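Undergrad: Sequence:
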Amino acid sequence: MHIHTRMQVHHFQGHSDDVLCLDVSDDGTLAATGQVAATGANYICIWDAERGTEEVRISVNRDGGVFALAFKPAGGGAPPFLASVANDEDSSIDVWDLRGLVGGARHVPLLTSIAADKHRVLSVAWNPFHKRDDLGSFVTCGDKHLHFWTFARDAPAEDAAQEPGRVLLRRHVPLWYDAILLAALMSHVHIHVYIHTYIHTCIRVSAYNIHVHIHHIYRYDATKQTALSVAFIEATTADDSSKPSARGYTLTGMQDGSVFVWRWSDDDNSVSVLKVLPSMPEAFMFSVSLLL
-18 MHIHTRMQVH HFQGHSDDVL CLDVSDDGTL AATGQVAATG ANYICIWDAE RGTEEVRISV
42 NRDGGVFALA FKPAGGGAPP FLASVANDED SSIDVWDLRG LVGGARHVPL LTSIAADKHR
102 VLSVAWNPFH KRDDLGSFVT CGDKHLHFWT FARDAPAEDA AQEPGRVLLR RHVPLWYDAI
162 LLAALMSHVH IHVYIHTYIH TCIRVSAYNI HVHIHHIYRY DATKQTALSV AFIEATTADD
222 SSKPSARGYT LTGMQDGSVF VWRWSDDDNS VSVLKVLPSM PEAFMFSVSL LL
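Per this note's numbering, the sequence shown starts with residue -18, numbered consecutively.
For the record, the hints were derived by calculation from the structure and aren't laboratory data.
Note that the structure is a prediction, hence the values are computed from the model and not measured.
For glycine and all other residues, C-beta sits at the position ideal for the given N, C-alpha and C.
Check each hint, because a few of them may be wrong.
[Stated by the list, open to error] Estimated spans, in silico, between C-beta atoms of each pair: (1) L209 to D69: 42 to 50 Å; (2) D71 to D248: 17 to 25 Å; (3) K224 to L3: 36 to 44 Å; (4) D(-1) to L156: 31 to 39 Å; (5) E35 to G56: 42 to 50 Å; (6) G58 to D(-1): 17 to 25 Å; (7) V83 to D237: 27 to 35 Å; (8) G56 to P225: 17 to 25 Å; (9) P225 to S40: 38 to 46 Å.
Modelling step: build the complete structure from the supplied sequences, incorporating the hints.
TA: Below, the structure written as structure tokens:
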């Protein structure tokens, strides 16, 4: 559909059942659609977005078909990878290697796959600001689900069943905090925990006394939250550190209307809450740092 004239430009015809997901590469040359079929074949179609012709069809050996998919951004070039999420009981993630399409190949190999979660995954999105390696990273969100994913080029040493050199997906579960109870009575040790919220809070625990100054802390139960959408920004003034993240910042829209801002730690690959834009008084935001 032309955005200005609202006239049909191309009609993509190739699926035999419901199509629940679609994505267009950032250079505008390719489109991908995923089929969800109760019975029969499940597959992904890669289309030439300019001509409206089917470039390649990827068979997906997953129950329930494909529920979500996304091209990896390539800075205006052809997308190197496509991530898809199945509609099966494990919300299985498959990453497809599209690099051969540039040379005219009509076979798309599977780069790697993993079982994501028993909860339903609703969407997948690649981080366009990931600068640490060529493979990149992406985020999946859904029903009680928010996972950050990177790639590992070598199999873990403790897993002898994996072939060395195989590309694996590495899961990073973000650091949610429902409540904090910190008690430490250690001589000559001082622990300062700073919890920054939209209502300033400070808890100080020392060797011989505990000072607590709290103004309206509300409980946030992450286990009941559903992440509905995800977006990325390269920089944010919410991060007051002198070392900005090499992966940019991730924003997630939650079911209760709040928006979370997440920050990667480039030192230990952890992901933690940087800021929360609450939609109601019961929601709150914080980041935690421990200084020993």
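Undergrad: Next, verify each hint and record whether it holds.
TA: Evaluated hints:
no.: 1; hint: L209 to D69: 42 to 50 Å; verdict: violated, 21 Å
no.: 2; hint: D71 to D248: 17 to 25 Å; verdict: violated, 31 Å
no.: 3; hint: K224 to L3: 36 to 44 Å; verdict: holds, 38 Å
no.: 4; hint: D(-1) to L156: 31 to 39 Å; verdict: holds, 37 Å
no.: 5; hint: E35 to G56: 42 to 50 Å; verdict: violated, 26 Å
no.: 6; hint: G58 to D(-1): 17 to 25 Å; verdict: violated, 31 Å
no.: 7; hint: V83 to D237: 27 to 35 Å; verdict: violated, 43 Å
no.: 8; hint: G56 to P225: 17 to 25 Å; verdict: holds, 19 Å
no.: 9; hint: P225 to S40: 38 to 46 Å; verdict: holds, 42 Å
Checked against the numbered hints above, the structure violates hints 1, 2, 5, 6 and 7; every other hint is satisfied.
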